[in-house]
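If you want the building blocks of each chain, they are given just below.
There are 6 protein chains.
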Amino acid sequence: MPILPFDDDQKLFALMKEQLYSAVLCDALDQVGYRQQAMRADIRPIHLDAVVVGRAVTMQSVDVYEPEENEYEQEIAAVDSLKPGDVLVASTQQSTRTCVWGELLSTAAMARGANGAVIDGYTRDVRLIQKMGFPLFSTGIYPVDSAGRGVVINYNRPVNCGDVIVSPGDVVFGDYDGVVVIPKDALRAVIERAAAKVEGENITREELHKGATLRQVFDKYGVL
Amino acid sequence: MPILPFDDDQKLFALMKEQLYSAVLCDALDQVGYRQQAMRADIRPIHLDAVVVGRAVTMQSVDVYEPEENEYEQEIAAVDSLKPGDVLVASTQQSTRTCVWGELLSTAAMARGANGAVIDGYTRDVRLIQKMGFPLFSTGIYPVDSAGRGVVINYNRPVNCGDVIVSPGDVVFGDYDGVVVIPKDALRAVIERAAAKVEGENITREELHKGATLRQVFDKYGVL
Amino acid sequence: MPILPFDDDQKLFALMKEQLYSAVLCDALDQVGYRQQAMRADIRPIHLDAVVVGRAVTMQSVDVYEPEENEYEQEIAAVDSLKPGDVLVASTQQSTRTCVWGELLSTAAMARGANGAVIDGYTRDVRLIQKMGFPLFSTGIYPVDSAGRGVVINYNRPVNCGDVIVSPGDVVFGDYDGVVVIPKDALRAVIERAAAKVEGENITREELHKGATLRQVFDKYGVL
Amino acid sequence: MPILPFDDDQKLFALMKEQLYSAVLCDALDQVGYRQQAMRADIRPIHLDAVVVGRAVTMQSVDVYEPEENEYEQEIAAVDSLKPGDVLVASTQQSTRTCVWGELLSTAAMARGANGAVIDGYTRDVRLIQKMGFPLFSTGIYPVDSAGRGVVINYNRPVNCGDVIVSPGDVVFGDYDGVVVIPKDALRAVIERAAAKVEGENITREELHKGATLRQVFDKYGVL
Amino acid sequence: MPILPFDDDQKLFALMKEQLYSAVLCDALDQVGYRQQAMRADIRPIHLDAVVVGRAVTMQSVDVYEPEENEYEQEIAAVDSLKPGDVLVASTQQSTRTCVWGELLSTAAMARGANGAVIDGYTRDVRLIQKMGFPLFSTGIYPVDSAGRGVVINYNRPVNCGDVIVSPGDVVFGDYDGVVVIPKDALRAVIERAAAKVEGENITREELHKGATLRQVFDKYGVL
Amino acid sequence: MPILPFDDDQKLFALMKEQLYSAVLCDALDQVGYRQQAMRADIRPIHLDAVVVGRAVTMQSVDVYEPEENEYEQEIAAVDSLKPGDVLVASTQQSTRTCVWGELLSTAAMARGANGAVIDGYTRDVRLIQKMGFPLFSTGIYPVDSAGRGVVINYNRPVNCGDVIVSPGDVVFGDYDGVVVIPKDALRAVIERAAAKVEGENITREELHKGATLRQVFDKYGVL
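Residue numbers (the working numbering), protein chains in the order written: chain C, 498 to 721; chain V, 498 to 721; chain W, 498 to 721; chain R, 498 to 721; chain P, 498 to 721; chain G, 498 to 721.
Calculated from the structure, these hints are not laboratory results.
Identical copies look the same in the list; a pair holds intra-copy or inter-copy alike.
With a cut-off of at most 16 Å between alpha-carbon atoms, the simulated EDC-like pairs for lysine to aspartate or glutamate come out as follows:
hint : residue 1 : residue 2
1    : LYS707    : ASP577
2    : LYS717    : GLU570
3    : LYS628    : ASP546
4    : LYS681    : ASP506
5    : LYS514    : GLU689
6    : LYS694    : ASP527
7    : LYS681    : ASP505
Pulled out of the complex, with its shape left as it was, chain C reads as follows (with noise of 0.2 Å):
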């Protein structure tokens, strides 16, 4: 990996999102210390090679009844705030009654340049979000409206995102393997580990296909 561009963010993102990967973050996150910011195993990508990277803008959706008075205002500046390489980052309580995301939202996140969003909940219009390129994780799809069914309440709160505590700026990178939340104090340590572990399983891997057992890839590089 070259020299890491903690200056900006743009082109770090830009970096990790090629070289670097979920499984091995949380492997630099554990040398580190931090061994709960892998999300829940149901938020999954919606399609096999999104990857998404990015600075946490979090929002928070709970059920509602009826339609409220001015139900949208907070969801609409949620995402009218985003900025080029923000996720979007939504908790709903695990809500199985509203759906908190879809096309026109993912729409005007991508205008503003955000890099994708992940949902603690239900999506929906994938098909057409898939066909935008838009990387989105979510527990589910539903096809409902959020109308008379949640409400975003607040944005850039602490929210629990997939049994992880996630703060706005947190960087969140997601993959086909799940999703990690990197705290923002954090993120020199966890990506300078990650890169240099991206290098060693380069190794142990060329091993293997060679015959070695386990028993002396472990013994020889202390690994696994």
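Could you slot chains V, W, R, P and G onto chain C? The hints should help.
Here is chains V, W, R, P and G on its own, set in the frame of chain C:
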């Protein structure tokens, strides 16, 4: 959308399949006061491009623990009763024991002209059914036979499929976003509103692409 | 099906992979009185065309909450013990905390000649394992390492995998419809019946295509 | 039952508490077409003889992950708004993180004259509340404080409590069999039918005691 | 234990009720090779001292979504068929919609001489049934009527009750520790072993009271 | 509260049992920054007045599917190691297959002077254990023996009990509101704060009884 052929199910369903989708039908159902018409999110299509639309023929399976005499009688009658444009809708009370659908039933249903099947339960022979192009939605895939595990006890009674009560003759629409049930008496009202909403969405999408904020679009059109 | 090579596992498994499938094996197991041999429906292949067949080598993982000495010892021994034609079958007591399988273990298993792995638990490195063509079935995908989260405590003891008790040496067969376990002593009886049933299904399918009702087909052949 | 004091809530509720019970109210609700009015079976009284009846004052709690300013404001307002004959009905979207009720709130509610509380969530201080004789129903018992875990975001909006939508002013009736919600506009019709049904049951019970079969009783009275 | 009256069910059941308990019966069932005979732990008695023992009369309820003609026919027949010493065992496929048991059925069952009921589903009228002293076990308490929610479709067929398959005539034993099913053909063997084990436990308990370690007791008697 | 005997566990635990309770200990733990110390709400005492306090001796059980040699070895060692003031804390990875505790183990634990047991899993012999007065908390009641179902694989390692990580030597406190774990290093700080809070609550309760609103009490004392 052209003048809608409400007197010709087959033409109407073909037009719906081509121009509508589950999300916009949900929105239209909301407008006419039906707010519980989307099936649970774990009822999924067996491939990305499956779309089903048609009149519901319902059947109910119940778990059993020994072989029964004439155990296939009601199931055979249900499938043999299918007419062009019908969709088989099966409930199993969310059984994880039996598998109520498979390739031979799909073959028989297609031969009768049925448009697809929606199963609140398990199916098998999925790769073959994908190849046949039969639109199939289910909660899971499981390789066992139903004999001695589940029996269809009746058909064309109201059933719970995905937590929506489906009556025979209701119109079922399913795509990648989920499965929606349109009560037969609301069909015209729902389709007319859905067709109108499709056009509205094209406009808002366009504005968002051009860089308008959600706030601006919402203030101008009053919808998301 | 030609004369079955019951004295040559590798040939037998190749023939099974080519000509049989999980659903017909379930039906044959039913015929010989084994009715609980299909794993829970949430154990899924990591790609559409994954097919696995082979002799079970079992291992058991248990959740832990601190790193252990020699934590990889049993897991390394299990994987290094794999012989051509084996399938690694892992139980985690449905852990949602750890991830028991990944790319390096897949690489090591393939290098030993193993035919695949079935995990009642999570895997990671899924995109890489797909590319390797290693047939892998699991309950979910999760990017964390097992160190300090789960430890393999033994191997080649009976385990619960997907609510089927699997003993070392049982034959495991998995495809898109699910994973089935054939007790080692029932192998010949099951395969012979499965082969016979495949032929029968070709005939009934043909008649349904020609327009026969299910009733007619069932009355004539006595099976569905 | 004497002439029912529909113009005096307190008298009416006292009479209901003495002479009616949740099961007969459900049957009466069925008769007038309300069939979804019994809360989920996991909402249980904290002691065997708890009976609650009164007008619903609703409130909604949502999980949070850091302390908030004025986090108690809405909860305080809700409890301080209670009038004699009211029942506090709280929804937490089935939170397992927070505990929305306890002894001090019970004390405050009793001091205002409230008749009890029904919580779709957890309570604490249960032994003390039992001693106070405050009728309390909840889904569980959990010793944590709500501060930094859950915040009441509003009150007297419709809420989902035990999968029944409860509107402010609906009449809530709970006993050992469960909690039932009587929509305010249906109150008179429901109580009149319930009172009539109580008398009918006394007759059928008597006949069964004397040895009549269910068949005879059903044929004679047409009910079970 | 005196000579066991295997030719007189009523005497045998009275003796079992007095001297045996579910845990020791499980241990005896283990000894004779039946290891799946304890019902799921969520089937609980309605009071602390409920003990039930008797011959199973089984019935199966299935959810429905509209009233049916003759909806009570099978349920009436099942209860009216009860003879002294019988226990009603009901399966609902774990329905959370209906309530299959209540006071009138308890009254009718007691009047026929039945020894109790075990319901894999909900009951109502629980306080009254407690007062009647009718031993009742169920998964929950729910105040609704079954009409239009569930229908008994047959009786005296094998059913799944608490994940144990119960056949008519099996002996059911339930106390505060749970409900156990003794296959009818194993009854003598199980009771003889259970009676022997009760005596052994008295000895080991005594030694532990006197201060022996578990190690000493286990080394001496070979059991825990 | 008198001067706290931090140098004498037995005296300290007796004082805690008499004057403190789980809710106030949770609040004190919150104050010192431990916010995840209450076990899941499904770990319940076996009777209303059970209170347990003591030093954790932990053990871990794992499901097995055949009898093992020396299957009781670790469990015997764990229980025989108990000293006065200890509490046995057992994890089973939430097994619904085995039953890890019962009367003989309770007898042995009491004979060693243990103060109680907390099981994230099932117990049996509950009526007897109630009569012994042994404070026992568990997730359920199930009559089977552990032999061939579960084996204790080690003791005095950190375990997950009710979703709290418990290390040997932590202080466990359980009453009707739930079970709380006090990390050993935080014991003094927690108890001092808890004692102070008990006094504060007496004052606010008094004011509410006299008719003060929650608002007034909160404005005056700054706590609820």
